[in-house]
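Listed in order, the protein sequences are those of chains A and B. My numbering puts the first residue of the first sequence at 1, with every later residue one more than the last. My numbering puts the first residue of the second sequence at 1, with every later residue one more than the last.
Please note that a few of the clues may not be correct.
Not close to chain A: a few residues of chain B, all C-beta gaps over 10 Å, as computed [claimed, not checked]:
{"no.": "1", "residue": "G88"}
{"no.": "2", "residue": "L122"}
{"no.": "3", "residue": "Y170"}
{"no.": "4", "residue": "I333"}
Chain A regions said to be covered by chain B (calculated; three or more residues, Cβ under 8 Å) [to be verified]:
{"no.": "5", "stretch": "204-213"}
{"no.": "6", "stretch": "283-291"}
Hints in this document: simulated from the structure, not taken from any laboratory. C-beta atoms are modelled at their ideal positions from N, C-alpha and C, and glycine is treated no differently.
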Amino acid sequence: MFDDFVVSSFLVTWLAASVRLAGPLLLTALGEIFAERSGVLNVGIEGTILIGALAAYLVTYQSGTPWTGFAAAILAGILANLLLAWMYVTVRANQVVVGIVFNILALGAASYGYRLALGSASNPELIPMIGSVTIPYLSSIPLVGPILFSHSILLYVTIAAVLAGEFVLFRTRFGLNVRAVGENPHAAANAGISVSRIRYAGVLLSGAGAGAAGGYLVLAQIGLFRDTIVVGQGFIALAIVIFGRWRPIYAAFAALAFGAADALQLSLQLFSFDLPPQLLLSLPYVLTIVAVSGLIGRAAQPAALMEPYRPN
Amino acid sequence: MWNMFERRLAPTESPWAIAAMTFGSVVLAFLIGAVLFLPFVSNPIDAYVSLFEASLGSMRGLGITLNRAAPLIVIALGTCVAWRAGFGYLGFEGCLTIGAAASAWFALLALDGGLAFIPSILFFAVAICISFGAGGAWAGGVGLFRSRFGGNEVLISLMTNYVAAFIVQYLVSGPMRAPGSLPQTPRLPTETWLPGIIPETRAHAGILIALAATGLVWLLMSRMRLGYELIVTGLNPFAARYGGINVGRRYVLAAFLAGGLGALAGLIEVLGTQHRLLDGLSGGIGFIGIVVALLAKLNPLAVVPTAVLYAALSVGADAVQRSTGAPSSIIFILQSLIVLFVMASDFLRYWTIRLPFKSPGSESGKV
Numbered sequence: 001m002f003d004d005f006v007v008s009s010f011l012v013t014w015l016a017a018s019v020r021l022a023g024p025l026l027l028t029a030l031g032e033i034f035a036e037r038s039g040v041l042n043v044g045i046e047g048t049i050l051i052g053a054l055a056a057y058l059v060t061y062q063s064g065t066p067w068t069g070f071a072a073a074i075l076a077g078i079l080a081n082l083l084l085a086w087m088y089v090t091v092r093a094n095q096v097v098v099g100i101v102f103n104i105l106a107l108g109a110a111s112y113g114y115r116l117a118l119g120s121a122s123n124p125e126l127i128p129m130i131g132s133v134t135i136p137y138l139s140s141i142p143l144v145g146p147i148l149f150s151h152s153i154l155l156y157v158t159i160a161a162v163l164a165g166e167f168v169l170f171r172t173r174f175g176l177n178v179r180a181v182g183e184n185p186h187a188a189a190n191a192g193i194s195v196s197r198i199r200y201a202g203v204l205l206s207g208a209g210a211g212a213a214g215g216y217l218v219l220a221q222i223g224l225f226r227d228t229i230v231v232g233q234g235f236i237a238l239a240i241v242i243f244g245r246w247r248p249i250y251a252a253f254a255a256l257a258f259g260a261a262d263a264l265q266l267s268l269q270l271f272s273f274d275l276p277p278q279l280l281l282s283l284p285y286v287l288t289i290v291a292v293s294g295l296i297g298r299a300a301q302p303a304a305l306m307e308p309y310r311p312n
Numbered sequence: 001m002w003n004m005f006e007r008r009l010a011p012t013e014s015p016w017a018i019a020a021m022t023f024g025s026v027v028l029a030f031l032i033g034a035v036l037f038l039p040f041v042s043n044p045i046d047a048y049v050s051l052f053e054a055s056l057g058s059m060r061g062l063g064i065t066l067n068r069a070a071p072l073i074v075i076a077l078g079t080c081v082a083w084r085a086g087f088g089y090l091g092f093e094g095c096l097t098i099g100a101a102a103s104a105w106f107a108l109l110a111l112d113g114g115l116a117f118i119p120s121i122l123f124f125a126v127a128i129c130i131s132f133g134a135g136g137a138w139a140g141g142v143g144l145f146r147s148r149f150g151g152n153e154v155l156i157s158l159m160t161n162y163v164a165a166f167i168v169q170y171l172v173s174g175p176m177r178a179p180g181s182l183p184q185t186p187r188l189p190t191e192t193w194l195p196g197i198i199p200e201t202r203a204h205a206g207i208l209i210a211l212a213a214t215g216l217v218w219l220l221m222s223r224m225r226l227g228y229e230l231i232v233t234g235l236n237p238f239a240a241r242y243g244g245i246n247v248g249r250r251y252v253l254a255a256f257l258a259g260g261l262g263a264l265a266g267l268i269e270v271l272g273t274q275h276r277l278l279d280g281l282s283g284g285i286g287f288i289g290i291v292v293a294l295l296a297k298l299n300p301l302a303v304v305p306t307a308v309l310y311a312a313l314s315v316g317a318d319a320v321q322r323s324t325g326a327p328s329s330i331i332f333i334l335q336s337l338i339v340l341f342v343m344a345s346d347f348l349r350y351w352t353i354r355l356p357f358k359s360p361g362s363e364s365g366k367v
């Protein structure tokens, strides 16, 4: 009896934490899918998350309303990615290099901006956060209720966005254009699609997703800003996109798997299992490597990924 | 606004134009940096002067700058080899970590007395071989994935960085952990530290390793047949295959060399600066090294001055932050803006600016 209780409470804690940790990762990955499907590997999402987080913090700090801050995070992400899109699409620079340099720039700019706005002396102040909802009836289902139905509103927003993203990518003309441009830009251009416009749209959508994820981190999980709150979430999102085979729905499960590995190592430490936590933590990455290594069939990556488009 | 730009018939290749655009990029980045300094210092020029005085103006500062530059140089060299062979390797953070672990393991072996008898020059030679081999095998695996199974090396190598970081995290919190509260190895015996090279400074022999590597990579890439084959593979793998070059093997070899060079950065950090293995050792050097290589246009000889200047900016930034309170993040911004502007100025090779006082008719011959 007691064992059952321990096991079920462990499961509930673990799975609820997995879902919680997966949220911002999934939001970032969702945007990145649109960039990669259009043929742009946007490594700059790591920096964009940080910029979104700063915008969310500063605007909420000033206005007092977290939803304004969330909107500001999305806007800041889009604006920052306008620069990236220009470098990727118009200048046709090497995408990976632009992304890496942008991440350094964003780190510098975010810590400078924070310092300029609030000075260095004061301790970071907590800001009002976006609350969580407990969905009536559903949340009182044993096991499933606490795992799925009592999270931050932003998690449900994210899930809705994933469903919308799946629909847009596979059921609308715009989505078809995005996929066409990512697979064969020359053929798409011959069919009358503006490759530049679609790729700009893809990169700006990934900026919106990553910016929103920054807002998610600050407004639903941390409640303050430091320039160290983004430690690889953007790169993890890249892995989730691969692991999720460039599809929003699959990416949701991939994000859950990454969240679960992260949460499990925290839980196992509590229960003092004698298993190195790093083994679990590295498991999602190893699986991602296997997924892109070509060992199991061809990876389903967009054919024109990372290739700048030059009209003939 | 787009009417301002006019497409050139062919991208300009004039070295003067390219030099002018690079210079312009640097000046523009420094100007923006000066504006960012304004809220914190009264005169940005003074800030720049004290920045370079702190990093290059004194022997002590120069020593720190050289120590900071050495790992950047070897990683940038690794980037040169891999990227010119058309292998977009991004796993230098991981290679650095693996190289650091290998050299720390070997140095601790010496501590246990097993290797106490060997002379120090031999110790360093063996340590270099071990860490080069470890990093080379680590990255060579990625090369194998690409050549055997057609995997995407950019994405794989990004992921291997995390796996390497977790391996070292495990090592320093488990098998190699020193007694104490922090997850790190014991301090390495002083005989295994890289010796100082300039008296009264902290400069250690890491820069000598980096310079030797520069010479060897230059020799490989511009004087040896193998380097030529690597470059041909990078320029056009199909032509290379047609010319009898085993492209798959060249990828694996380029990956091995790049990984080995990246691992030397770890050796320099551990034996030269940290003197122990700890978690989070790389701190982004693996990516900054790639940036340095690109600024140097993947030219091994240009890597050294570029890395020293990049390191000088970082070292000087810390000094300026200590003395004036201006945040060192200004210099991060400055460094990355230089790179972005240099890349963006490539745009001007394809487009020329149509000046408003010229009549469009007189330009029509060029279009």
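Results of checking the hints against the structure:
1. Consistency note on G88(B): stated as away from chain A, yet its beta-carbon is not over 10 Å from all of that chain's, at 6 Å minimum.
2. For L122(B), the shortest C-beta to C-beta distance to chain A comes to about 34 Å, beyond the 10 Å cut-off, and the non-interface label holds.
3. The claim that Y170(B) lies off the interface is violated: its Cβ sits roughly 4 Å from the closest Cβ of chain A, which falls inside the 10 Å cut-off.
4. With a least CB separation of 4 Å from chain A, I333(B) falls inside the 10 Å interface cut-off, contrary to its annotation.
5. Only residues whose beta carbon comes within less than 8 Å of a beta carbon in chain B count, and the stretch 204-213 of chain A has 0; fewer than three means the coverage is violated.
6. For the stretch 283-291 of chain A, the stated coverage by chain B is satisfied: 4 residues place a CB nearer than 8 Å to a CB of that chain, which reaches the threshold of 3.
In this structure, the hints that do not hold are numbers 1, 3, 4, 5, in rising order.
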